[in-house]
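Participant: What follows is the residue order along each chain.
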Amino acid sequence: MINKKNKTSSDIQRLRSVDKLIHEPARLNIMTRLYVVESADFLFMMRQTGLTFGNLSAHMSKLEEAGYIDIIKEFVGKKPHTMLKLTENGRRAFNEYRKKMKQFFDVL
Amino acid sequence: MTKKINLKEMEKETFRDSNQDGFMEIVFGVIFFSIAGYIHTKNLPILLVLLPIFGPIWMQFIRNNFTYPRIGYARPSKKMARQIIWVLFIYMFIVLFMVFVFPLISNNWNLTLWHNWPPVFYGIMTTGAFLYLGYKVGIMRYYIFSTLSVIGFLAVYFIEFETLERGLEMYFLGMSGVMVIAGFALFFIFLRRHKLSKEEITDDK
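Protein chains in written order, with the working numbering: chain A, 1 to 108; chain B, 1 to 205.
Just chain A, same shape as in the assembly:
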């Protein structure tokens, strides 16, 4: 009984090691959307996530700083166009996050 209680508490403790950058709902939404595609542009991500331009931009910058996404700037005709892509590091971090959260909810 005590062992089981200890195990549960250590599993809950392990939740502290979860990646807080991904755990934030808006960024989790962005990471999940990018996980299922090869890449997507800014407008597509805005529509899919329901975030505003500024909000999405801010979260994108944080994810880019962490090395989780690549922001590729290009020109389509004369218009600037931004493509977003999950990096290998980002994919790994997202998979790790999923694993940890799944373990945690299994315990609950």
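Worth flagging that the hints you see were computed from the coordinates, not collected in a lab. There's no promise every hint is true.
[Stated by the list, open to error] For lysine-lysine, the following DSS-like pairs were computed, each having C-alpha atoms within a straight-line distance of at most 27 Å:
#1 A:100 x A:62
#2 B:42 x A:85
#3 A:85 x B:79
#4 A:102 x A:20
Chain A is fixed; fit chain B onto it per the hints.
Facilitator: Quick look at chain B alone, frame taken from chain A:
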């Protein structure tokens, strides 16, 4: 956060969202029309030769000007695209294989008995392809196309045509008409539903 995140469902949703403009249907329609033309003329129609070369360029041009400025662009995962192509290829191969195995089993190579069968085999091919696409990408209208395909090949099978090719021609023409009409209808609905935003979203905003 309480809503369960289903990645497979999300992948389907992304694919559905990217293909709501009806272009996929128009491309299918043009392919079917080219096959009907090939059967009719017995020559490789110019459309069938030009389609693989200019089809993607044409589609890209239209989507760049009408679709992406409205809903954005997402490149689907390579894994999913590869899987769809492989499953469809293997399925087509199995059906074609059956076409040749059937007479062997029945020990009868008399082609006159095959008068009404080709539409059924081609019908099975297109029906299966639509069913798989419907299941894989979750676009409900593909189930409707597969049902229409069954109705089409059964109708062609039971109707007496003067030549073997006539039935096939009718089948592909019918399917082509359905796909092109559906494609254009979807395109107009898409244009009405997704107006171009007056304030364009660019990076330097």
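Participant: Now look at each hint and say whether the structure bears it out.
Facilitator: Outcome of the hint check:
no.	hint	verdict
1	A:100 x A:62	holds, 22 Å
2	B:42 x A:85	violated, 47 Å
3	A:85 x B:79	holds, 15 Å
4	A:102 x A:20	holds, 15 Å
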